[in-house]
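The whole structure should be built from the sequences, with the hints applied where relevant.
Single-letter residue listing:
There are 2 protein chains.
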Amino acid sequence: MNNFSFYSPTKYVFGRGKESLTGELTQWMGSKKVLIVYGQGSVVRSGLLARVKSSLDAVNIEYVELGGVNPNPTDDRVYEGIDLCRRESVDGVVAVGGGSAIDTAKAIAGGVPYDGDFWDFFAGKVVMQEALPVGVVLTIPAAGSEGSGNSVITKIDGLHKISLRTESALRPKFAVMNPELTFTLPPYQTASGIADMMTHIYERYFSNTPEVEVTDRVAEGVLKAIITEAPKVMAEPENYDARANIMWCGTLAHNGVCGTGRQEDWVSHFMEHELSAVYGVTHGAGLAVIVPAWLTFMVEHNPGKVAQFARRVWDVVEDDDKKAAIEGIERLKDFYRSIGMPVTLKELGIENPDIELLVKKLHENKGEVIGGYYRLSAKETTEIYKLAL
Amino acid sequence: MNNFSFYSPTKYVFGRGKESLTGELTQWMGSKKVLIVYGQGSVVRSGLLARVKSSLDAVNIEYVELGGVNPNPTDDRVYEGIDLCRRESVDGVVAVGGGSAIDTAKAIAGGVPYDGDFWDFFAGKVVMQEALPVGVVLTIPAAGSEGSGNSVITKIDGLHKISLRTESALRPKFAVMNPELTFTLPPYQTASGIADMMTHIYERYFSNTPEVEVTDRVAEGVLKAIITEAPKVMAEPENYDARANIMWCGTLAHNGVCGTGRQEDWVSHFMEHELSAVYGVTHGAGLAVIVPAWLTFMVEHNPGKVAQFARRVWDVVEDDDKKAAIEGIERLKDFYRSIGMPVTLKELGIENPDIELLVKKLHENKGEVIGGYYRLSAKETTEIYKLAL
Numbered sequence: 025m026n027n028f029s030f031y032s033p034t035k036y037v038f039g040r041g042k043e044s045l046t047g048e049l050t051q052w053m054g055s056k057k058v059l060i061v062y063g064q065g066s067v068v069r070s071g072l073l074a075r076v077k078s079s080l081d082a083v084n085i086e087y088v089e090l091g092g093v094n095p096n097p098t099d100d101r102v103y104e105g106i107d108l109c110r111r112e113s114v115d116g117v118v119a120v121g122g123g124s125a126i127d128t129a130k131a132i133a134g135g136v137p138y139d140g141d142f143w144d145f146f147a148g149k150v151v152m153q154e155a156l157p158v159g160v161v162l163t164i165p166a167a168g169s170e171g172s173g174n175s176v177i178t179k180i181d182g183l184h185k186i187s188l189r190t191e192s193a194l195r196p197k198f199a200v201m202n203p204e205l206t207f208t209l210p211p212y213q214t215a216s217g218i219a220d221m222m223t224h225i226y227e228r229y230f231s232n233t234p235e236v237e238v239t240d241r242v243a244e245g246v247l248k249a250i251i252t253e254a255p256k257v258m259a260e261p262e263n264y265d266a267r268a269n270i271m272w273c274g275t276l277a278h279n280g281v282c283g284t285g286r287q288e289d290w291v292s293h294f295m296e297h298e299l300s301a302v303y304g305v306t307h308g309a310g311l312a313v314i315v316p317a318w319l320t321f322m323v324e325h326n327p328g329k330v331a332q333f334a335r336r337v338w339d340v341v342e343d344d345d346k347k348a349a350i351e352g353i354e355r356l357k358d359f360y361r362s363i364g365m366p367v368t369l370k371e372l373g374i375e376n377p378d379i380e381l382l383v384k385k386l387h388e389n390k391g392e393v394i395g396g397y398y399r400l401s402a403k404e405t406t407e408i409y410k411l412a413l
Numbered sequence: 025m026n027n028f029s030f031y032s033p034t035k036y037v038f039g040r041g042k043e044s045l046t047g048e049l050t051q052w053m054g055s056k057k058v059l060i061v062y063g064q065g066s067v068v069r070s071g072l073l074a075r076v077k078s079s080l081d082a083v084n085i086e087y088v089e090l091g092g093v094n095p096n097p098t099d100d101r102v103y104e105g106i107d108l109c110r111r112e113s114v115d116g117v118v119a120v121g122g123g124s125a126i127d128t129a130k131a132i133a134g135g136v137p138y139d140g141d142f143w144d145f146f147a148g149k150v151v152m153q154e155a156l157p158v159g160v161v162l163t164i165p166a167a168g169s170e171g172s173g174n175s176v177i178t179k180i181d182g183l184h185k186i187s188l189r190t191e192s193a194l195r196p197k198f199a200v201m202n203p204e205l206t207f208t209l210p211p212y213q214t215a216s217g218i219a220d221m222m223t224h225i226y227e228r229y230f231s232n233t234p235e236v237e238v239t240d241r242v243a244e245g246v247l248k249a250i251i252t253e254a255p256k257v258m259a260e261p262e263n264y265d266a267r268a269n270i271m272w273c274g275t276l277a278h279n280g281v282c283g284t285g286r287q288e289d290w291v292s293h294f295m296e297h298e299l300s301a302v303y304g305v306t307h308g309a310g311l312a313v314i315v316p317a318w319l320t321f322m323v324e325h326n327p328g329k330v331a332q333f334a335r336r337v338w339d340v341v342e343d344d345d346k347k348a349a350i351e352g353i354e355r356l357k358d359f360y361r362s363i364g365m366p367v368t369l370k371e372l373g374i375e376n377p378d379i380e381l382l383v384k385k386l387h388e389n390k391g392e393v394i395g396g397y398y399r400l401s402a403k404e405t406t407e408i409y410k411l412a413l
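Protein chains in written order, with my numbering: chain E, 25 to 413; chain B, 25 to 413.
What the hints contain is simulated information worked out from the structure, not anything from laboratory work. Check each hint, because a few of them may be wrong.
The list cannot tell twin chains apart, which means a pair is met if one copy fits it or any two copies do.
Okay, derived cross-link-like pairs now, DSS-like style, lysine-lysine, Cα gap no bigger than 30 Å in a straight line [stated by the list, open to error]:
(1) K385 to K370
(2) K329 to K370
(3) K347 to K385
(4) K403 to K370
(5) K56 to K197
Written out as structure tokens, the structure reads:
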């Protein structure tokens, strides 16, 4: 087990109707005037935004708004939000939505107190020291951003989709999680969220760090729970308990508890980020395509942990590691298909991907050789994109 | 799944030599002069206390000391610590040791800013609103107090051993966790710690709250890891990785992540606290005796979750719930015996327990009817103590 630091100071307030506590929690995080960040309007139509506002009103917290944030959120809205916060002397940010709203809120929160261009943090030029406090009212269980210190933003100029990781500067102070708010998610978005949270676990699980039994077992446990609950939320979108399990799985998948003490991987995310940036696909659906290809590559190059994954998560009974791994990957693909996810680029709607471009941007953004579980240069990432065709 | 709030803002700094960061972390938690609380002198003999002090010296943090805290720590030392802190204008507490030192440190930290008798909190008369910040350098993986908001103190007058639970007031700000510090723990203490952490999971796991798949799976995962790693630490006390896994299991067992969204039980702890208070036995060893008796009672009264425990944690293959449960309990007892734990009161050295006294004190301290998984009055708790003979 590697040395580690784990610090997850987000207050999770979970259950029916808990969005009514947003005002009280915003007070608790020390803000008097906040920027509310939200997405494409479903939070307006559902009345959630109005409920959040009235909760802020009730404790005399002022607010301004930044709505219309897109999926795969872009830097233009971040600049806009930073300007707005400075102009209006805002001292906190509340995201109402899923990963896109939250990641935009976080990037704004980090940018406001910083003199330079906020992109400096994403470009790795500067380490973030401070940020406005961020609170979250979660509506999409997927990105896990409600419990992570991370933010993923796409720079429009050059379509660079980049993930920033902070230990604690960008961890939300609170996250309101009401599973009822997810009842109306369209099936494709529900399933994409499931593929996304599962991949957050894989990125940590597939590791060569030896002797990490406790983290392995926790990761496998959360995956098992997702596999059990996913068919229920797909069949019964208003099944509260299944939605609740999936929602909490999404948080545990990405708040770090599945990654303590081990080297992580993250190549599947990197490879998918290029797909999203170039083809605008839904992140989780892109991951459902990339991951089986990545795993298939590993059968020939580093099958050990893939075999463990097959046996412990997919109940494969097979002594030979390669055979076990192959069977596990088949079961994973069957599972993705069963919830309506694509497992090939073609099924994702990308008939003739420009693999050369994807690989070029991937290594430009992430380095010549990438990955923790197996080191991949352009030759190998090309092969993996081809395995996904 | 029940509504819940989960807030675990402890910074865990885990790995070899990390005690050298104690000064820096104490600065980070905002203290300038601390009370160092420790136990029976092993931290003096090992040189750990000296290393902690030199780390504090290096950043000019002053300190006073309260050493010699006993296992099953008592209120007299808490009063002494509170007086010392007030006299010396201390603004933080650092515990160096295991549960006894940490729980004493916490009780002191809560007592210092409170005008009345600190026991008011433990007696349930007052809810703790504030406390001095507490930091921990952990030497015994067992109580999980390094990550919990709880403290257990015994009132000498009447031998009342009482647990206080706070959501966040008493959560340590930081916990330094170096597995090497546990290499020299005597086997009986190592094994007692293992039984203690496992029981922290059972108290949450055995619940009638339906549809808590994710928390069940996480709890089962941590238990599986303990069962795998325990024989290694018993056979090779200086196996770093096994010690590291066990140490982190002890934290996850009790920081709340295994208890979100469900009713909890805690009867085994309550029943053991009476044993410790009256007979002075080691808490974990007492739990190894009480738990199998409690589970055996449940076979006839509420076997469902015990059967799940048997199948998922102990790999029992058996369709009938009662039969599965009985087989699971046998495997648990075999496991406890294999690490040198007693599984009966007799093996614990209590030949003729005064069950009447234990039951009387139990219900005096905890109420006429106790337990979340199954409601128990004096008749039933008497039966369970008898099952432990």
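Right, here's what the structure says about each hint:
Taking the closest pair of Cα atoms, K385 and K370 come within 30 Å of each other only inside a single copy of the chain (21 Å); across copies the shortest separation is 70 Å, beyond that limit. Only within a single protomer do K329 and K370 lie at most 30 Å apart by alpha-carbon distance; the minimum there is 28 Å, versus 45 Å between protomers. Taking the closest pair of Cα atoms, K347 and K385 never come within 30 Å of each other, the shortest separation being 34 Å inside a single copy and 59 Å across copies. In this assembly of identical chains, the alpha carbons of K403 and K370 lie at most 30 Å apart only when taken from the same copy (21 Å versus 67 Å across copies).
Proximity of K56 to K197 under the C-alpha cut-off of 30 Å is found in both arrangements, the shortest distances being 15 Å within a copy and 26 Å between copies.
In summary, the one numbered hint that this structure violates is 3.
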